[in-house]
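K.L.:
The lines below spell out each chain.
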Amino acid sequence: MRPSVQEMIARSNGKKNKKVIEKIIPVLLFLIASVSVLTSIGIVVTLIVETITFFTRVPFFDFIFGTTWLPFSNKDAQFGILPLIVGTLKVTLIATIVAVPIGISAAIYLSEYASENVRRILKPVLEVLAGVPTIVYGFFALTFVTPILQSVFPEIKIFNAISPGIVVGIMIIPMIASLSEDAMSSVPKSIREGALAMGSTKFEVAWKITVPAALSGIIASVVLAVSRAIGETMIVSLAAGSTPRFDGDFTGSIQTMTAYIVQVSKGDAGFGTTIYYSIYAVGFTLFVFTMVMNILAGYVSKRFREEY
Amino acid sequence: MRYIEQQAVVKRMNGRLIANSIFKYIFLAATLVALVALIILLYRIVSQGMGHLSIEFLTNFASRFPEKAGIKAALVGSLWLMLVVAPTSIILGVGSAIYLEEYAKQNRITTFIRMNISNLAGVPSVVFGLLGLTIFVRAMALGNSILAAGFTMSLLILPVIVVASQEAIRSVPGELRDASFGMGATKWQTIVKIILPAAIPGILTGSILALSRAIGETAPLIVIGVPVIIQFLPAGVMDTFTALPMQIYDWSSRPQPEFQNVAAAGIMVLMAVLLFMNSIAVIIRNKFDKRY
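Protein chains in written order, with full-length UniProt numbering: chain A, 1 to 308; chain B, 1 to 292.
FYI, nobody ran anything at the bench for these hints, they're computed from the structure. Mixed in with the good hints, there may be bad ones.
Below are the EDC-like pairs computed for lysine to aspartate or glutamate, each with C-alpha atoms no more than 20 Å apart in a straight line [unchecked claim]:
{"#": "1", "chain 1": "A", "residue 1": "23", "chain 2": "B", "residue 2": "102"}
{"#": "2", "chain 1": "A", "residue 1": "157", "chain 2": "A", "residue 2": "249"}
{"#": "3", "chain 1": "B", "residue 1": "24", "chain 2": "A", "residue 2": "204"}
{"#": "4", "chain 1": "A", "residue 1": "23", "chain 2": "B", "residue 2": "101"}
{"#": "5", "chain 1": "A", "residue 1": "19", "chain 2": "B", "residue 2": "102"}
{"#": "6", "chain 1": "B", "residue 1": "24", "chain 2": "A", "residue 2": "193"}
{"#": "7", "chain 1": "B", "residue 1": "24", "chain 2": "A", "residue 2": "116"}
{"#": "8", "chain 1": "B", "residue 1": "187", "chain 2": "B", "residue 2": "102"}
{"#": "9", "chain 1": "B", "residue 1": "11", "chain 2": "A", "residue 2": "182"}
{"#": "10", "chain 1": "B", "residue 1": "72", "chain 2": "B", "residue 2": "56"}
On a predicted model such as this, the values are computed, not experimentally measured, just so you know.
Starting from the given sequences, assemble the full structure and let the hints guide the process.
P.N.:
Structure (structure tokens):
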């Protein structure tokens, strides 16, 4: 039997805890929202604490200026991080060379040339490409891109900087394309139409009007993508090898900061050894690199944004 | 005297028009690079892994012999991982989003939380692995269990879920809130009975996409110390386990070429899981795409 209205009111008045819930919920939700802050604090504190322990064993200047990374040597272990940074930068450089022209061109095509229907097909393709796990990209680099490179340039080794660099580049294309496209789409139509009315071609509009107007957004997208490339782990772990080297060779095995962390984690370095603490020192360096890039991207897009 | 040289103008116009059409095709070609890369990638993996994909592959445990190697432990392990990650990350993410959109005042703390979430999204996943190793594996002594890995992954995808949920909540029109308050509902009643039901499609879509990222992540699992060779299925969240990307990583990095095919077959299973999840997200988005 359905309760009458009077019964419902009586029942509802019986809930004295209604007010208590209204007071508890905001506090509870605030605590939940603070988890992200706690996570950030947790990351920074763990990295700093373990890195400080590392620096009680390895002098700070040996770490940041050392050009030899030989952690596994029993007698003469050396922890100079420059080879790992150089390896990371090699991969990042190639990825940038691959991704920036392709990504920005794709963004220009999508925002200036493509019809609504074409865009509706191409954008999801970019999304799929962005959703492919990096382990799959790593497998692709090792078993497909490297053999092709080797058949064209025989001097390239199985593990090298070029193949993972190219594949990391493919991985970050969607990021540059979609963020740059957002920036270009927000340039108002009236400016474009003004230029077209003056007799400009579509290319001139894109190159001289839209791209300069959206430049801050485009640069920010590139910086964010480079930051992703620096922190990428599985592609380089699989295809770049594990030879930390301080030189300009792109054709041989290298090691990046992320790949070193993976290498040590795989070997299960004993808790408390210098090698164990070294992954935190390397992780901290990596964290600083990506954080600087992310802050830079935020600064560029805010500071140099054109308002219409 | 003619001020405009007809000939020169025509020539220049032609040059500009040619440049225009050339660049149009250059830009189109660049866009198609992405499409071509995706097709090659998928074709390579399917042609390499197809031969190894079978019912035995799904029901066998990992093995030293490539022809006997199966993916059972990894498949079940990934499902267990999702059982921890999905509730943890969705509760934390949606809770944060409700707080930020409905309760937070515009002050420094709120700005700080917002900034934090966007910064967290830019932290490399391998660094989250280090956080998980220190806090969950060592400090909380969870070991390399499903729970430790699940918590780490939850924090990793938290920013994505928060941002997606915020957008979903923001797109619920103000009139619905006003009407609910007008009927005498309290704030929490309005949130639970009006705003959340209206925002659930958006929240679910974002959450499923975030979860599919967690299924594919490898680096944090390696750093936490998740093993590869597992000959049993986990019975609870405190058990050790292995996951799909870990298993694929192990097979890819083995020297024997036969394992490359096994790895490709593993990737096909992983991609099938991801495709399945993404299509659910798309279906939800299309089915509940209500306009107010």
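K.L.:
All hints are to be evaluated individually against the structure, with a verdict given for each.
P.N.:
Evaluation of the provided hints:
1. 23(A) to 102(B): holds, 14 Å
2. 157(A) to 249(A): Holds, at about 11 Å.
3. 24(B) to 204(A): holds, 11 Å
4. 23(A) to 101(B): holds, 17 Å
5. 19(A) to 102(B): holds, 18 Å
6. 24(B) to 193(A): holds, 18 Å
7. 24(B) to 116(A): Since the Cα atoms of residue 24(B) and residue 116(A) sit roughly 16 Å apart, the hinted pair holds (cutoff 20 Å).
8. 187(B) to 102(B): holds, 9 Å
9. 11(B) to 182(A): Distance ~36 Å between residue 11(B) and residue 182(A) Cα, so the pair is violated.
10. 72(B) to 56(B): The hint holds at about 9 Å.
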